[in-house]
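Since the structure of chain L is already known, use the hints to place chains F and E on it.
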Amino acid sequence: MKLNLTPELKPVIDGLAETFGDQLVDIWQSTGHTFVRIVPDSITSVCRYLHDEHRFIYLSDLFGADRFTTEERFEVIYNLLSLRDRHRLFIKTWLEEENPVVDSVVEVWPAANWFEREVFDMFGVRFNNHPDLRRIYMPEDYEYYPLRKEFPLLGVPGSIDLPGTTPDME
Amino acid sequence: MKVTDINSKSHPTFFKEHQQKLYQSLEDKHTTIETIDDSDPLTARMILNMGPQHPATHGVLRLVLQLRGESIEKAKIDVGYLHRGVEKIAENKTYQEFMPYTDRMDYLSPYSNNVALCTAVEKIANVEVPERAHYIRMIGCELARISSHLLWLGTMVMDAGAVSFFIWTFREREKIYDIMDQLAGHRFTVSHSRIGGVHNDITPAAMGLIREFIETFPDELNDYHKLLDRNRIFFERNENVGVLSPENALRYGATGPMLRASGYALDFRKLEPYARYDDVEFEVPTRIEGDNLARYFVRMEEMHESIRILEQCLEKLPKGPVRTDNAKQAYPSKDEVYYSMEGMIHDFMMTDTGICPPEGAESYHAVEGPKGELGYYIQSDGTGHPWRLKINSPSFTNLQLLEIILDGEMVADTVVIIGGVDPVMGEADK
Amino acid sequence: MGIESALGEGYLTTRIDTLVNWARSNAAWPMPMGLACCAIEMMAFAGPKYDVSRFGSEVFRFSPRQSDVMIVAGWCSYKMSHAIRRIWDQMPDPKWCIAMGACASTGGMHRCYGVVQGVDNFLPVDAYISGCPPRPDAVIHALMDIQEKIRNDHSVMLDT
Chain L
104 MKLNLTPELK PVIDGLAETF GDQLVDIWQS TGHTFVRIVP DSITSVCRYL
154 HDEHRFIYLS DLFGADRFTT EERFEVIYNL LSLRDRHRLF IKTWLEEENP
204 VVDSVVEVWP AANWFEREVF DMFGVRFNNH PDLRRIYMPE DYEYYPLRKE
254 FPLLGVPGSI DLPGTTPDME
Chain F
22 MKVTDINSKS HPTFFKEHQQ KLYQSLEDKH TTIETIDDSD PLTARMILNM
72 GPQHPATHGV LRLVLQLRGE SIEKAKIDVG YLHRGVEKIA ENKTYQEFMP
122 YTDRMDYLSP YSNNVALCTA VEKIANVEVP ERAHYIRMIG CELARISSHL
172 LWLGTMVMDA GAVSFFIWTF REREKIYDIM DQLAGHRFTV SHSRIGGVHN
222 DITPAAMGLI REFIETFPDE LNDYHKLLDR NRIFFERNEN VGVLSPENAL
272 RYGATGPMLR ASGYALDFRK LEPYARYDDV EFEVPTRIEG DNLARYFVRM
322 EEMHESIRIL EQCLEKLPKG PVRTDNAKQA YPSKDEVYYS MEGMIHDFMM
372 TDTGICPPEG AESYHAVEGP KGELGYYIQS DGTGHPWRLK INSPSFTNLQ
422 LLEIILDGEM VADTVVIIGG VDPVMGEADK
Chain E
519 MGIESALGEG YLTTRIDTLV NWARSNAAWP MPMGLACCAI EMMAFAGPKY
569 DVSRFGSEVF RFSPRQSDVM IVAGWCSYKM SHAIRRIWDQ MPDPKWCIAM
619 GACASTGGMH RCYGVVQGVD NFLPVDAYIS GCPPRPDAVI HALMDIQEKI
669 RNDHSVMLDT
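Protein chains in written order, with the numbering used here: chain L, 104 to 273; chain F, 22 to 451; chain E, 519 to 678.
Quick caveat, the hints were computed from the structure, so don't treat them as lab data. In this text, a Cβ means the ideal position worked out from N, Cα and C, and glycines have one as well. Be careful, since some hints might not be right.
Some chain L residues near chain F, calculated using beta-carbon distances under 7 Å [to be verified]:
| # | residue |
| --- | --- |
| 1 | L127 |
| 2 | D129 |
| 3 | I130 |
| 4 | T134 |
| 5 | F166 |
| 6 | P213 |
| 7 | A214 |
| 8 | W217 |
| 9 | Y240 |
| 10 | E246 |
Subject to a maximum C-alpha distance of 30 Å in a straight line, what follows is the list of computed BS3-like cross-link-like pairs (lysine-lysine) [said to hold, decoys possible]:
| # | chain 1 | residue 1 | chain 2 | residue 2 |
| --- | --- | --- | --- | --- |
| 11 | E | K667 | F | K247 |
| 12 | L | K113 | F | K144 |
| 13 | F | K114 | L | K195 |
| 14 | F | K144 | F | K355 |
| 15 | F | K144 | F | K291 |
In isolation and in its complexed conformation, chain L is listed as follows:
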């Protein structure tokens, strides 16, 4: 693939391709940013490699997206920033719809804690070894995952209750 890599980013991509050869599924660029797609099982090892070897010590963002395809529906995207070399890299994994599970990267970047909770809340993707996987925006009693494409914008009527119009009789 012809990539237009800056001299700082080239050793990172080469190092990744060398160390994780077959687990690196795809590399592409879009609007100047580089995206690397890897197999879900190797996410912690890739992240630890990037953290230790290439000093991607700052996790800017971690979020999910719904591709709405039959195969590999959900994706989890990691937005990494290397402060020493001042460049950004995106890591993606694609997960199945049936049981979307991936390892948590909380040991590598503790900042991932709340981000992964948000992905769980909005998409239903579970993270192994997460210290505290609870919903973050919707209450725990809620049964749906709002950012999935089939969830209607106005919500499901009756899925969450409102207080009554008379004072509580306690």
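This is chains F and E only, laid out in the frame that chain L set:
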């Protein structure tokens, strides 16, 4: 008396499972405070709920604290009381229609949110923005930064006890509101910045108000310095309170003034410059202590730097159009719309379909908002609606830190620490 | 409530009514339920330029037990609605409610799963203010409308 089963002692009346899981996670949270002998009743543990409605939490933030006497053993934060699902709304609106929603996210500095969305869309759709628009955006962003920091100052110092500061900073904010009124037509949730430029040019009246503000504001700022910089009470309330070490700041993803007060000079205006920030000179204030006082100094110095940037922008403001001419990318100006057929058709197409970035394109752009890195990640599917729009909000990232900072502090310092972290719940809860 | 039940209807009670209503309307202490951006306009409404304490709302009591008017400013999410209702129940009678802004009145621009489409789904609202966010002048107008409502209220002759 050990709190063995916390859920048997709490009787929630609504969202029962939510309350139970929250208290259970507080119970399970690892803490490094040594256990003291439980036989003394004066060292009893208590669970304190600083609920969503509280005068001093900035917005609707809920804290559940486990206290040992006066000191906090562990703290858990519950956000989501202001969640709307803005990212889901974005999937159903065109990029320009989404602009007012960005205003209401960090509602203390709405201009920077607008600029963040505009630059992100301009990046993915490859839109050229004229020079004058860049400078007007910078002026708006810096005014928004000053406005946000003034509100932070007013509320943090009011929470620490000095109520009159609130009134003084609000008087200054009213001046900024007047400028925004003249410039954009609305006091604060302006949607002045548009994709492809800005909505309208700065009128001479607005220019006069901005110049007057730049001249009088540094004196006010000096007054605040005189009152707080050597104030013993302020120091004792803020020194060594809420300390965040530099390693923790980077590991937990702190951003904005929180990170700069802990020693790391990371500013996206310098790291990935946008809107001609590389043409103006300014410094990035940093401190190494990492306590609340350091955050205070960093933000005050940022206000000084903002005034400096504003002066330079007004000097360098070039002449020219304020929005790009390309009809597929930006709204035409109103006189074209009213007086020519193509203008009307373009306006209609922009409102109906909007700007269409290439299919499969994805991009990320971050600006330096007053709270930190405000970034927009857009995935486009070729239509005028984004497929996925993710907002990387700084307050959400900074609130995670609060769980780390609060462990070990005194409960009376909680309010000042929250003030120092300066979260905006509209942004944190999206 | 004692004075209302002890006296019946008549000239005396109407005069007492006017007196009581005059006192109540000119001391309507708000309980700000400042949730979102409208809260900032509410702070500006309490601030130096659009000073509301000259209308009698001298102190913004954050304690529900000590306030008369609840100003709901900002969109109300489903998660927050129970907390707001609880606080409303804790306010003693007589109490009034102002729904400030488009989001509190009808859900505003947020027509989605997380936002209650109007606070009047669970609160008895007395005055609605439109605007996003409304100028502080509009909030003062709503407060004056509430004062008008209080002045026309039957405080003493109310059969409680």
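Status of each hint after checking the structure:
At a threshold of 7 Å, the smallest CB-CB gap from L127/L to chain F is about 18 Å, leaving the interface hint violated. Annotation: interface hint on D129/L violated; nearest CB of chain F at approximately 13 Å, more than 7 Å. About 14 Å separates the beta-carbon of I130/L from the nearest beta-carbon of chain F, more than 7 Å, and the hint is not met. Given the 7 Å rule on beta carbons, the hint for T134/L holds: about 4 Å separates it from the nearest Cβ of chain F.
Given hint, F166/L at the interface with chain F, holds; its Cβ is 5 Å from that chain's nearest Cβ, closer than 7 Å. Against a cut-off of 7 Å between C-beta atoms, the interface hint on P213/L holds, since the closest Cβ of chain F lies about 5 Å away. Among the interface hints, the one on A214/L holds; its C-beta lies about 3 Å from the nearest C-beta in chain F, closer than the 7 Å criterion. Restraint check, W217/L versus chain F: the minimum CB separation of about 5 Å is within 7 Å; hint holds.
For Y240/L, the shortest C-beta to C-beta distance to chain F is roughly 4 Å, which falls under 7 Å, so the interface hint holds. Given hint, E246/L at the interface with chain F, is violated; its Cβ is 10 Å from that chain's nearest Cβ, farther than 7 Å. Distance hint between K667/E and K247/F is unfulfilled; the C-alpha atoms sit about 47 Å from each other, more than 30 Å. Taken as a hint, the K113/L and K144/F pair is honoured in the structure, with Cα atoms around 23 Å apart against an allowance of 30 Å.
A hinted pair counts as satisfied when its Cα atoms are at most 30 Å apart, and K114/F with K195/L qualifies at roughly 26 Å. Of the supplied pair hints, the one linking K144/F and K355/F holds, its CA atoms being roughly 25 Å apart against a limit of 30 Å. Our distance criterion of 30 Å between C-alpha atoms is met by K144/F and K291/F, whose separation comes to about 18 Å.
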